[in-house]
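**Student:** Listed here are the chains, written in short residue letters.
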Amino acid sequence: MDMGGLALVIGSILSAAAAFIWLAWRIGKTPSLKSAKGGPNQQLESAAKEDVEHIFNDEFREELRNRGRLHFEKIIGENAMFLQQDLRQTTTQLNDYMRSEITRTLQQEFKKYEQSITDAKQLALDSIEKTITTIDQQRAFLQQQLATQSEAQKAQIIARFEMEMAGIINHYILRAIGNQIELSDQLDYILAELEANKKAIVEDIKRGT
Amino acid sequence: MNPVRGKNLQNSADSPDANRSSNVMHPPSLQLPTAIVSQSDVNRILREISTLEDFFLSAKARSAGTTIKPPRITFMLEQLARANNYNLLEATHRADLKAKLESVLKTAPMLHISFATEPSLKVTDAVVGWLRSNIHPQTLVVVGLQPTIAAGCVVRTGNKIFDMSLRSHLQKHEPYMVKLIQGAVSAER
Numbered sequence: 001m002d003m004g005g006l007a008l009v010i011g012s013i014l015s016a017a018a019a020f021i022w023l024a025w026r027i028g029k030t031p032s033l034k035s036a037k038g039g040p041n042q043q044l045e046s047a048a049k050e051d052v053e054h055i056f057n058d059e060f061r062e063e064l065r066n067r068g069r070l071h072f073e074k075i076i077g078e079n080a081m082f083l084q085q086d087l088r089q090t091t092t093q094l095n096d097y098m099r100s101e102i103t104r105t106l107q108q109e110f111k112k113y114e115q116s117i118t119d120a121k122q123l124a125l126d127s128i129e130k131t132i133t134t135i136d137q138q139r140a141f142l143q144q145q146l147a148t149q150s151e152a153q154k155a156q157i158i159a160r161f162e163m164e165m166a167g168i169i170n171h172y173i174l175r176a177i178g179n180q181i182e183l184s185d186q187l188d189y190i191l192a193e194l195e196a197n198k199k200a201i202v203e204d205i206k207r208g209t
Numbered sequence: 001m002n003p004v005r006g007k008n009l010q011n012s013a014d015s016p017d018a019n020r021s022s023n024v025m026h027p028p029s030l031q032l033p034t035a036i037v038s039q040s041d042v043n044r045i046l047r048e049i050s051t052l053e054d055f056f057l058s059a060k061a062r063s064a065g066t067t068i069k070p071p072r073i074t075f076m077l078e079q080l081a082r083a084n085n086y087n088l089l090e091a092t093h094r095a096d097l098k099a100k101l102e103s104v105l106k107t108a109p110m111l112h113i114s115f116a117t118e119p120s121l122k123v124t125d126a127v128v129g130w131l132r133s134n135i136h137p138q139t140l141v142v143v144g145l146q147p148t149i150a151a152g153c154v155v156r157t158g159n160k161i162f163d164m165s166l167r168s169h170l171q172k173h174e175p176y177m178v179k180l181i182q183g184a185v186s187a188e189r
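Line by line, the protein sequences are chains A and B. Residues 1 to 209 in this note's numbering are what the first sequence spells out, letter by letter. Residues 1 to 189 in this note's numbering are what the second sequence spells out, letter by letter.
The hints are simulated quantities; they were obtained by calculation from the structure and are not laboratory data. Fair warning: this is a prediction, and the values are worked out from it, not measured in the lab. Note that the Cβ used here is the ideal one computed from N, Cα and C, for glycine as well. Fair warning: there could be bad hints in the mix.
Claimed, not checked - No farther apart than 27 Å at their CA atoms in a straight line, the calculated lysine-lysine pairs in the BS3-like style are these: (1) Lys154/A / Lys106/B; (2) Lys122/B / Lys199/A; (3) Lys198/A / Lys122/B; (4) Lys206/A / Lys106/B; (5) Lys172/B / Lys198/A; (6) Lys206/A / Lys98/B; (7) Lys199/A / Lys106/B; (8) Lys198/A / Lys106/B.
Said to hold, decoys possible - Simulated restraints on C-beta separations: (9) His112/B / Ile181/A: 20 to 26 Å; (10) Thr133/A / Lys172/B: 56 to 62 Å; (11) Arg175/A / His112/B: 23 to 29 Å; (12) Ala152/A / Gly158/B: 47 to 53 Å; (13) Met110/B / Ala152/A: 49 to 55 Å; (14) Arg175/A / Leu57/B: 55 to 61 Å.
Said to hold, decoys possible - From the derived model, a few chain A residues whose C-beta atoms are all more than 12 Å from chain B: (15) Pro40; (16) Arg61; (17) Lys112; (18) Thr134; (19) Gln145; (20) Gln180; (21) Asp185.
Based on the sequences and whatever the hints tell you, model everything.
**Tutor:** If you want it as structure tokens, here you go:
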């Protein structure tokens with residue numbers, strides 16, 4: 001049952017209650033045919049009143065009242081039962097509806113949440129991938145740079161070593177020999193060297209003179 | 001210094017041979033013995049000659065019977081006098097020798113020679129002898145020490161340096177040594 005049906009049922013119950021109240025009020029308000037004196041009309045009227053009083057005496061009225069009450073109670077009971085059934089049905093439907101709505105909403109929310117998580121995960125994966133790529137690039141670059149620098153340094157060290165090596169060895173030999181060679185043993189070498197430079201020495205001395 | 005030589009000088013001054021030696025011919029240029037090495041040696045000899053002059057001057061002025069103590073002359077002066085036929089008892093010889101020595105100081109070429117260690121007399125004699133017989137007969141040499149050269153010598157003239165040391169020899173052959181080591185290293189690789 002939808003909301004329209006529910007409204008219709010409630011409307012019918014309210015209209016029946018209103019009709020019953022109005023009927024009771026009208027019955028209670030009807031004027032009684034009391035002693036009327038006057039003309040024939042009045043007599044007839046009073047005779048009719050008496051007959052009415054005779055027919056609709058208190059017992060009969062009480063009987064009618066009871067019947068009306070019972071009928072009203074029956075209608076009320078039926079309507080209440082219908083109303084109860086309708087209410088139960090409505091409640092059930094409402095529960096189902098609510099359940100389905102909540103389920104649907106929850107599913108949607110879950111779906112959205114799942115999508116968000118998936119997106120976030122994808123984003124994180126992309127970011128990690130990018131980071132890994134960048135790190136790999138940096139590592140490759142650093143490796144290359146390190147290799148270049150290492151080669152340059154190696155070449156520099158070798159060049160320096162080659163440049164300094166001879167000096168170091170000479171220094172070592174001179175230090176190692178020191179004063180170990182007797183000057184008398186060097187005499188032949190010295191005289192030979194002087195002989196070799198004789199011309200230059202003589203020329204320089206002549207120039208100086 | 002030898003005190004015996006001083007005595008000989010005293011004896012020879014009194015001998016009659018002193019006047020005879022004045023007729024001996026001297027070499028035209030002074031022959032320096034190898035014992036005289038440097039300028040300071042020449043200066044020392046000049047001082048000795050001056051001392052001798054003073055001695056003979058005082059000997060003339062002495063009173064009879066007074067003992068005098070003659071100055072001692074060095075081996076260098078004795079050798080110089082002997083090599084050039086000079087008699088140091090004669091004033092003319094002394095004057096001539098002095099003049100020639102002063103001339104040597106002015107004109108003789110000066111060489112500076114450095115060794116790794118202090119040279120012995122034998123080495124100095126040999127080197128100075130070679131220089132005087134091959135470069136100039138009156139070459140004066142200043143001997144120095146340069147321990148860093150290890151062996152050989154370094155001769156410095158007025159304008160040039162002749163590095164005849166082992167250090168220089170090794171430095172000259174540095175490229176060859178580098179080449180050898182490079183060859184060895186490349187062969188090892």
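**Student:** Each hint needs a verdict: does it hold in this structure or not?
**Tutor:** Now the hints, each set against the structure:
no.	hint	in the structure
1	Lys154/A / Lys106/B	violated (61 Å)
2	Lys122/B / Lys199/A	holds (25 Å)
3	Lys198/A / Lys122/B	holds (21 Å)
4	Lys206/A / Lys106/B	holds (15 Å)
5	Lys172/B / Lys198/A	holds (20 Å)
6	Lys206/A / Lys98/B	holds (25 Å)
7	Lys199/A / Lys106/B	holds (23 Å)
8	Lys198/A / Lys106/B	holds (23 Å)
9	His112/B / Ile181/A: 20 to 26 Å	holds (21 Å)
10	Thr133/A / Lys172/B: 56 to 62 Å	holds (60 Å)
11	Arg175/A / His112/B: 23 to 29 Å	holds (25 Å)
12	Ala152/A / Gly158/B: 47 to 53 Å	holds (49 Å)
13	Met110/B / Ala152/A: 49 to 55 Å	holds (53 Å)
14	Arg175/A / Leu57/B: 55 to 61 Å	holds (57 Å)
15	Pro40	holds (159 Å)
16	Arg61	holds (138 Å)
17	Lys112	holds (68 Å)
18	Thr134	holds (38 Å)
19	Gln145	holds (25 Å)
20	Gln180	violated (9 Å)
21	Asp185	violated (9 Å)
Hint violations for this structure: numbers 1, 20, 21, all remaining hints satisfied.
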